Amino acid sequence: MNKFPHARLRLPALVAALALTLPVAALAQSGNNNGETPGNYIGIGLGANFLHDSSVYSGRHAPFFFHDSVKYDTGWAAMLTFGHLSPGGWRSEIEFSYRRNDFDSIRHYDIGRYDATGDAVSYGLFFNELYDFQTNSVVTPYLGLGLGVLRLEYRSAGPFGRNATRSPDIRIDDIDSGLGAQAIAGLKFNISDNVAMALDYRYYVPVHLTFNPSLDGYDVSWTGNTLMLALQFGFGGQTHPAPAPVQAPPPQPMDSDHDGVTDNMDQCPNTAPGTEVDRYGCPTDSDNDGVVNAQDQCPHTPPGTQVNFQGCKVLATRKLNSLHFAFDSAKLTPKDQRYLSTEEDKINRVLAQHPQATVEIAGYTDSIGTKPYNKGLSQRRTNSVRQYLVGHGVRPSRIVSHGYGESDPVATNSTKTGRAQNRRVEVRLIGHGEQSSITR
1 MNKFPHARLR
11 LPALVAALAL
21 TLPVAALAQS
31 GNNNGETPGN
41 YIGIGLGANF
51 LHDSSVYSGR
61 HAPFFFHDSV
71 KYDTGWAAML
81 TFGHLSPGGW
91 RSEIEFSYRR
101 NDFDSIRHYD
111 IGRYDATGDA
121 VSYGLFFNEL
131 YDFQTNSVVT
141 PYLGLGLGVL
151 RLEYRSAGPF
161 GRNATRSPDI
171 RIDDIDSGLG
181 AQAIAGLKFN
191 ISDNVAMALD
201 YRYYVPVHLT
211 FNPSLDGYDV
221 SWTGNTLMLA
231 LQFGFGGQTH
241 PAPAPVQAPP
251 PQPMDSDHDG
261 VTDNMDQCPN
271 TAPGTEVDRY
281 GCPTDSDNDG
291 VVNAQDQCPH
301 TPPGTQVNFQ
311 GCKVLATRKL
321 NSLHFAFDSA
331 KLTPKDQRYL
341 STEEDKINRV
351 LAQHPQATVE
361 IAGYTDSIGT
371 KPYNKGLSQR
381 RTNSVRQYLV
391 GHGVRPSRIV
401 SHGYGESDPV
411 ATNSTKTGRA
421 QNRRVEVRLI
431 GHGEQSSITR
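Using my numbering, the letters of the sequence shown map in sequence onto residues 1 to 440.
The reader is advised that the hints may include incorrect statements.
What the hints assert, rightly or not - The calculated SDA-like cross-link candidates involving lysine to any residue, where the alpha carbons are at most 20 Å apart (straight line), are:
| # | residue 1 | residue 2 |
| --- | --- | --- |
| 1 | 371 | 415 |
| 2 | 375 | 346 |
| 3 | 346 | 336 |
| 4 | 319 | 245 |
Hints listed in this document are in silico derivations from the structure and should not be mistaken for laboratory results. In this text the structure is predicted, and so the values were computed from the model without any measurement.
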């Protein structure tokens with residue numbers, strides 16, 4: 001009968017605790033293994049082995065005829081494993097292990113402690129089931145349980161020295177085998193998809209193991225701890241597919257004038273903000289009268305209608321033939337002013353006849369000079385005419401002026417006479433569908 005059952009009583013509690021811990025931890029862990037490629041692996045390990053003091057009892061005379069303890073030196077351990085890693089983090093492996101510790105001393109219950117010699121050796125063949133946490137991390141914690149066969153061996157074990165009560169020639173060489181179990185906890189460092197380094201702690205113990213040496217029968221407790229450093233090499237698994245290259249989105253064409261039409265399609269760049277444009281980026285002219293919608297004060301004019309710069313119908317036009325400006329000047333001469341004084345009454349009579357109409361002073365130049373300059377010059381001249389007429393009784397709200405520059409020539413610009421005809425100022429009656437004329 002075993003007089004020291006405490007080592008065997010600890011194992012069921014440990015097994016029960018880990019059996020409850022592993023399923024709960026597995027439910028908490030989700031996702032595929034990304035730190036190490038799932039598949040088969042082989043592992044080799046080397047570490048330090050620590051045997052607990054063994055309680056020994058024997059009822060007969062023998063080198064161990066006491067019932068106290070045997071103390072061991074720190075020993076070493078080696079391990080070879082073959083396993084398979086599943087995508088969910090579970091690992092199943094077969095382990096071959098070897099552990100060896102030298103005897104340090106023996107303590108007799110009524111004599112005291114004295115030196116001892118010999119080796120305590122164990123061989124293990126375990127089937128381990130482990131679970132890896134945080135498998136998508138460089139560092140992976142894991143827990144496991146193992147069950148298998150333990151072979152325990154004392155080699156030349158016995159007391160020696162001046163205090164030994166038996167001859168140093170009396171030694172125990174005996175072997176026993178039986179069921180064994182172990183609990184495992186550690187950290188795995190994933191160096192690459194197929195290489196990992198593991199550092200773990202293993203607590204192992206025989207289960208219902210009867211130790212029967214070749215001398216008189218006795219019972220011995222045997223439990224140990226191993227601190228193991230191992231390398232694992234994966235093979236035969238599917239490597240992670242290379243991530244698809246991240247393609248930068250194609251550059252988006254610019255829309256410099258923010259009109260909704262990109263520059264590569266915009267046939268009318270630099271349109272003013274808020275301008276209504278067509279699909280080509282050009283200002284919309286719904287009634288095709290030459291005046292874009294944004295400036296058209298008279299939309300929906302019939303096709304072919306003559307309109308002014310505001311898009312409104314020109315009811316009548318008369319050229320002020322006697323109006324002459326000095327070269328490159330917008331200043332009215334005294335002769336021009338006398339001529340306009342005769343026009344004032346005519347304009348007021350026409351406006352009285354057409355209450356909804358307005359009068360436009362339209363100015364034109366020849367083609368000598370740049371277009372922007374000519375447009376500015378024609379605008380300054382029409383402004384001078386408008387100011388004079390307003391100052392002599394024409395209501396400001398009913399008269400407008402606009403310079404058209406060198407557009408709409410009435411004669412050729414290739415001759416002096418033609419250019420003179422193109423340098424003109426016209427008075428136009430602008431209305432909405434009215435028919436009339438301006439008379440002298």
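How the hints compare with the structure:
1. Between the alpha carbons of residue 371 and residue 415 the distance comes to roughly 18 Å, so the proposed pair stays at or under 20 Å and holds.
2. The straight-line distance between the Cα atoms of residue 375 and residue 346 is roughly 27 Å, outside the 20 Å bound, and the hint therefore fails.
3. For the suggested pair residue 346 and residue 336, the alpha carbons sit about 16 Å apart, so the restraint of at most 20 Å is met.
4. Between the alpha carbons of residue 319 and residue 245 the distance comes to roughly 73 Å, so the proposed pair goes past 20 Å and is violated.
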